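Chains as they are written, first to last, in the working numbering: chain A, 1 to 413; chain B, 1 to 213; chain C, 1 to 251.
Mixed in with the good hints there might be a few duds.
Unchecked claim - Quick list of the computed label-pair ranges, beta carbon to beta carbon: (1) Ser149/C <-> Asn52/B: 23 to 33 Å; (2) Arg91/B <-> Ser149/C: 45 to 55 Å; (3) Gly248/C <-> Ile210/B: 31 to 41 Å; (4) Gln63/B <-> Glu310/A: 47 to 57 Å; (5) Pro76/C <-> Arg53/B: 51 to 61 Å; (6) Ala223/A <-> Gly40/C: 55 to 65 Å; (7) Gln16/B <-> Lys195/C: 40 to 50 Å; (8) Ile210/B <-> Asn22/C: 51 to 61 Å; (9) Arg53/B <-> Thr229/C: 36 to 46 Å; (10) Thr247/C <-> His161/B: 47 to 57 Å; (11) Ser149/C <-> Gln16/B: 51 to 61 Å; (12) Gln63/B <-> Gly40/C: 24 to 34 Å; (13) Gln119/B <-> Thr229/C: 32 to 42 Å.
Keep in mind the hints are simulated off the structure, nothing from the lab.
This structure is a prediction, so every number in the text was calculated from the model and none was measured.
The beta carbon of each residue, even a glycine, is placed where N, CA and C say it ideally should be.
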Amino acid sequence: MNVTKKQQRQRTLKDAFLNGLTAFSSMLSVLVLTILLGYVFSKGIGLVNVDLLRNQYWSKSAIVAVEEGTQSGTFERPEDLPKEAVWSEKWGIALIDAVSHEKQALVLVERVDENSVFAATVDTSAGPNQGKSYPVVPGLQVQKIDFTDQQGNANFTGMLASETAEEMVHALDQAVSIRSVFIKTPGGGIRGSLIATLYLIFVSLLFALPIGVASAVYLNEIAKKNRFNGLIRSGIETLTGVPSIVYGLMGVSVLFPITAAFGATTTNILLGSLTLAIILLPTIIRSTEEALLVVPQSLRDASLSLGASETQTIFKITLPCAIPGILTGVLLSIGRIIGESAALIYTMGTFINDSPSLLSQGTSLAVHIWSVMSGEQPNFELACAISILILVFVLILNLTVKLISRRLNKAWY
Amino acid sequence: MVKLDETLSLFQDLIQEMARKVRSMHCLAMQIMESGDKEKALQLIQLDEFVNRYEEEINDRAQDVLALLSPVATDLRIVIAGIKTASDLERIADYAKNIARYVIKNGPVAPCIRPIAQQIGESFLAMFDHTIEAYQARDVKKAFQIPEEDEVINRLLEEVHAILKEALKNQKIDDSIIPTVGLLRNLERAGDHTKNICEHLIYQEKGQHIDFD
Amino acid sequence: MENCFEIENLNLYYGEKQALKNLNLSIRKNCVTALIGPSGCGKSTFLRCLNRMNDLIEGCRIEGKIMIQGVDIYDPKTNVVDLRTKVGMVFQRPNPFPMSIFENVAYGPRCQGIKDRRILKEIVENSLKQAALYEEVHDRLHESAMGLSGGQQQRLCIARAIAMEPEVILMDEPTSALDPIATSKIEELIEELKKSYSIIIVTHSMQQASRVSDDTAFFLLGEIVEMDTTRMIFNQPKDKRTEDYITGRFG
Numbered sequence: 001m002n003v004t005k006k007q008q009r010q011r012t013l014k015d016a017f018l019n020g021l022t023a024f025s026s027m028l029s030v031l032v033l034t035i036l037l038g039y040v041f042s043k044g045i046g047l048v049n050v051d052l053l054r055n056q057y058w059s060k061s062a063i064v065a066v067e068e069g070t071q072s073g074t075f076e077r078p079e080d081l082p083k084e085a086v087w088s089e090k091w092g093i094a095l096i097d098a099v100s101h102e103k104q105a106l107v108l109v110e111r112v113d114e115n116s117v118f119a120a121t122v123d124t125s126a127g128p129n130q131g132k133s134y135p136v137v138p139g140l141q142v143q144k145i146d147f148t149d150q151q152g153n154a155n156f157t158g159m160l161a162s163e164t165a166e167e168m169v170h171a172l173d174q175a176v177s178i179r180s181v182f183i184k185t186p187g188g189g190i191r192g193s194l195i196a197t198l199y200l201i202f203v204s205l206l207f208a209l210p211i212g213v214a215s216a217v218y219l220n221e222i223a224k225k226n227r228f229n230g231l232i233r234s235g236i237e238t239l240t241g242v243p244s245i246v247y248g249l250m251g252v253s254v255l256f257p258i259t260a261a262f263g264a265t266t267t268n269i270l271l272g273s274l275t276l277a278i279i280l281l282p283t284i285i286r287s288t289e290e291a292l293l294v295v296p297q298s299l300r301d302a303s304l305s306l307g308a309s310e311t312q313t314i315f316k317i318t319l320p321c322a323i324p325g326i327l328t329g330v331l332l333s334i335g336r337i338i339g340e341s342a343a344l345i346y347t348m349g350t351f352i353n354d355s356p357s358l359l360s361q362g363t364s365l366a367v368h369i370w371s372v373m374s375g376e377q378p379n380f381e382l383a384c385a386i387s388i389l390i391l392v393f394v395l396i397l398n399l400t401v402k403l404i405s406r407r408l409n410k411a412w413y
Numbered sequence: 001m002v003k004l005d006e007t008l009s010l011f012q013d014l015i016q017e018m019a020r021k022v023r024s025m026h027c028l029a030m031q032i033m034e035s036g037d038k039e040k041a042l043q044l045i046q047l048d049e050f051v052n053r054y055e056e057e058i059n060d061r062a063q064d065v066l067a068l069l070s071p072v073a074t075d076l077r078i079v080i081a082g083i084k085t086a087s088d089l090e091r092i093a094d095y096a097k098n099i100a101r102y103v104i105k106n107g108p109v110a111p112c113i114r115p116i117a118q119q120i121g122e123s124f125l126a127m128f129d130h131t132i133e134a135y136q137a138r139d140v141k142k143a144f145q146i147p148e149e150d151e152v153i154n155r156l157l158e159e160v161h162a163i164l165k166e167a168l169k170n171q172k173i174d175d176s177i178i179p180t181v182g183l184l185r186n187l188e189r190a191g192d193h194t195k196n197i198c199e200h201l202i203y204q205e206k207g208q209h210i211d212f213d
Numbered sequence: 001m002e003n004c005f006e007i008e009n010l011n012l013y014y015g016e017k018q019a020l021k022n023l024n025l026s027i028r029k030n031c032v033t034a035l036i037g038p039s040g041c042g043k044s045t046f047l048r049c050l051n052r053m054n055d056l057i058e059g060c061r062i063e064g065k066i067m068i069q070g071v072d073i074y075d076p077k078t079n080v081v082d083l084r085t086k087v088g089m090v091f092q093r094p095n096p097f098p099m100s101i102f103e104n105v106a107y108g109p110r111c112q113g114i115k116d117r118r119i120l121k122e123i124v125e126n127s128l129k130q131a132a133l134y135e136e137v138h139d140r141l142h143e144s145a146m147g148l149s150g151g152q153q154q155r156l157c158i159a160r161a162i163a164m165e166p167e168v169i170l171m172d173e174p175t176s177a178l179d180p181i182a183t184s185k186i187e188e189l190i191e192e193l194k195k196s197y198s199i200i201i202v203t204h205s206m207q208q209a210s211r212v213s214d215d216t217a218f219f220l221l222g223e224i225v226e227m228d229t230t231r232m233i234f235n236q237p238k239d240k241r242t243e244d245y246i247t248g249r250f251g
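This is chain A alone, in the form it adopts within the complex (with noise of 0.2 Å):
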């Protein structure tokens, strides 16, 4: 075959082209993925902290009272005491400058000797706690300070003044007894929605998991291959594209009689969770039809052959083999979990519950973010360090995913 010049010429333009054009594409992708990621994280990680995990989320406010009687004396200054922390060596208490996450400047606890006044102090703010033992612990943060002076004037120090921590305790230097403390717990923290997305992630795989795992049995073991089953088949393969949104409608509407029956006054957890165990559901299916399909029909055959009924056959032999596949469907379902947000708002409502139950509010970690972005003013550092760990989640999932799969196709030849 003759070929010229020019066609020759064409051909390699046309290829380099196309081939480029794909070349792009992908560093185009990899590109905003990068960024995004970036930002994320350059955002985010200075909160990403242990702290972060396990702080509630409201702060709580307390003003303790001191006991009367000789208060001051001499405290050392303790060696491992971390230089930027002031001491005070009247009181006993070393107070330390920091910033919230809503960058507010503030003074925290930094040591309290067991001596001082500061560790026997008492609640005094009304409620349940009124008069029991509050003593002030290091992380708390010190809002105001009374005192009376050496005059015999009542005189305070602390943040309501924006003092730092060395005026303050420059200022107690002054004092000749304490009053008492108003103190604040510190808040911010996801310890709330991460005990809630646990729950979330438990009920809902609770409901799901057999639910799904015995309906793609019977549907690819059991029922005969006929246009009814049919019919079933594409019905759960459309639930997996309808809307998330969708679905918490219905969750409101349909499920939470249900959960009213068991108690539930408002929107809460368990019907969160069931309205996501019905999101799941197709997703379980799938998967464990997909790591059905997977196990060799050699095996059920040499199971059958062995005088084992059907349905032994596929208790004691298909399922088993199939459990890798099915566990990936429980990875992936809990990525879902995690990542779900539009149901859930619906459902289990967008108030920030430090302290969730299954009948009472609460957020996931998506919600968390979706509530903490959606105030007048946007918390952007939180919302990234939360989504830091959402990302670093997924991640784990997904490499176990990848592990477990390849385990799976080992274990057949």
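Position chains B and C relative to chain A; hints supplied.
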């Protein structure tokens, strides 16, 4: 390959059985040579039929082994050598039959060469026995020694010739002596076939074609 | 000699297509019967009829009688599960379950409801011994069966079938996925097993059929062309087509 081993050992047993039958025929032939018992000679002729059937049986077995068990290497040579050995044994049996026929026609061996005929017969039987032993033990060394024994038979036959020449010179010759030479010739031919069996044995064990001459 | 299977006028259809045509044969007890023939001739289909594995295939219809111990296995009253405990099967590829060697062999008896570990242990040991595998695996009974070699796996599958103490063992090209040494081990095993069981073996290897079997049936296009003792089939086949096939001049 247990089944092939088993079948082949049965196959070789059959060949040995046939060899024993052939040997008993030659024993009988020796008695007849001396006694000229025609009754027994007729019996011997009938025995030959029996040996022929052995050969057929061995051939059928060999066919089975080849068709069903696809032997290779030594196993294959055992079958091939077996077929050849069986056919040689059949010929050796034929010579015993020939002796019987001669005796029926011409009576026993002339007295003058009776002792030497007896000697030839015994040498042949010894050689045949050794061959069977070698076959049973699959002993190649022994097989190589057999041709020497055949030489002994040949020398004895030459002696017979010498005796006959002597008799011719002395005009002592009798008509009856001429068939005797043919009769003893049978034993010499039987010895040659026995030698062939040794060649087959060497082929079976070593895969080499040897020609004893 | 007694027969283990009597087949009368067996016809099998896959939808419209007839896969087996009017088969009439009897299979002798405690003998090895080889089924030979080109691919797609229906020999595997026939084998799977004998323990009703074809039941699972949709659109498969069977006419005629297959009698085992005087009972028609396609009689509506016959229990398929019972039948399969009487007629064991070994497949083309070794297909051990992904569990321990012990559990593989104990699987069949367990499914029948035997729970006593002592009895199970006895069954497993006996079966493995009969399958000439015990010596090789006795110190790792509780390790995964997937770690065995192909030949060992296939002998495990035979042990698994033996554990049910069947009357008949069906073997569907049991050595086609194995190397020659493993193959000859399995063939030796078959020789040994026929003392206690009747064996029906489908094979593509003419040599294997001639070596291991007592009877041979030659299948062609869903029909039995010739069935006789293996000796007769391989020495003097009566049908020209049989001779062409066994001599490799087919088609």
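Okay, the hints, checked on the actual structure:
1. For Ser149/C and Asn52/B, the Cβ-Cβ distance of about 52 Å falls outside the hinted range of 23 to 33 Å, so the restraint is violated.
2. For Arg91/B and Ser149/C, the Cβ-Cβ distance of about 52 Å falls inside the hinted range of 45 to 55 Å, so the restraint holds.
3. Remark: the range hint 31 to 41 Å for Gly248/C to Ile210/B is upheld by a beta-carbon distance near 35 Å.
4. Our hint of 47 to 57 Å for Gln63/B and Glu310/A holds, since their Cβ atoms are close to 50 Å apart.
5. Between Pro76/C and Arg53/B the Cβ separation comes to about 56 Å, which falls inside the hinted range of 51 to 61 Å.
6. Checked against the given bound of 55 to 65 Å, the beta carbons of Ala223/A and Gly40/C, roughly 31 Å apart, lie outside it.
7. Roughly 28 Å separates the CB atoms of Gln16/B and Lys195/C, a value that falls outside the hinted 40 to 50 Å.
8. Distance hint for Ile210/B and Asn22/C: a CB-CB separation of about 59 Å, consistent with the stated range 51 to 61 Å.
9. Checked against the given bound of 36 to 46 Å, the beta carbons of Arg53/B and Thr229/C, roughly 22 Å apart, lie outside it.
10. Range check, Thr247/C to His161/B: Cβ separation about 55 Å, and the 47 to 57 Å hint holds.
11. For the pair Ser149/C and Gln16/B, the supplied restraint of 51 to 61 Å is violated, since their beta-carbon distance comes to about 41 Å.
12. Range check, Gln63/B to Gly40/C: Cβ separation about 32 Å, and the 24 to 34 Å hint holds.
13. Look at Gln119/B against Thr229/C: about 52 Å separates their beta carbons, and that is not inside 32 to 42 Å.
Against the hints set out earlier in the document, violations occur for numbers 1, 6, 7, 9, 11 and 13.
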